[in-house]
Amino acid sequence: SNQYVQASARCNNCVNGVCDRPGSCRCKTGWTGPNCDECVRYPGCTHGTCKQPYQCICDEGWGGHFCSEDLNYCTLHNPCTNNTRCRNTGHGQYTCECPDGYTGTNCETRVQNCSLQRCSNGATCVDMPGNNYICICPKGYAGRYCQIATSSCSDSPCQNGGKCMDTPTAFFCSCLPGWTGTICDIEIKPCDGSQQDRVLGGFSYGLHKGFPIRSPAECRKRVLL
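Each residue of the sequence shown is one higher than the one before, counting from 1 in the UniProt record's numbering.
Simulated from the structure, these hints should not be mistaken for laboratory data.
Every value quoted in this text rests on a predicted model; they were computed, and no experiment measured them.
Possibly wrong hints are sitting among the right ones.
[Claimed, not checked] Each pair of labels, with its calculated beta carbon distance range: (1) 165 <-> 105: 43 to 53 Å; (2) 83 <-> 121: 24 to 34 Å; (3) 165 <-> 83: 40 to 50 Å; (4) 136 <-> 93: 31 to 41 Å; (5) 151 <-> 124: 13 to 23 Å; (6) 103 <-> 28: 51 to 61 Å; (7) 153 <-> 82: 40 to 50 Å; (8) 156 <-> 177: 15 to 25 Å; (9) 100 <-> 154: 31 to 41 Å.
Heads up, the beta-carbon is just placed ideally off N, CA and C, and yes, glycines get one too.
Take these sequences, add in the hints, and give me the full structure.
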């Protein structure tokens, strides 16, 4: 609606209004002030100005339809604690990237590492001194967080008659004489090398180049002859 204001002079400075009587300036819609030279901001404009009626030109660092969204909250307010990195997410919001051992909106709460629940696949977490922790992996998993699946004896990995034994994080093959390797897949050729004593497959025997490839016991017997 139109607004009557007292002009500072006899209507000589009535910029955006009508002088209806000496010393009185009736402003046009969207203008205000003694001389009707001040624009009316958009209703609800919080951190902004106008150059024309019903504008909302945001001040630096503010945005949104009503200039009410803090675009640089991290720099202006520095909300994150414990030397945590702050990241603006827009609309006046932010997130704090908490380091291990801290949680909360502003990383203000110290927690034990096991509270971070990083151990996976049903592993048991044990807090250690110095804000450290270890993950005790269930059978079939390995790695710092028990995130690596491993084979087990149920997969029958051992070859050539090897006996499989499970460990907490993997399996172990006990090979028959004449075989070696992680899964007992490498044949031992005891008489191909230079003469020496070795312990393989539970037997101690000598090696001597030239003897036929047979059992370790027979190779030892022939070397010692």
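For this structure, which hints from the list above don't hold up?
-> none
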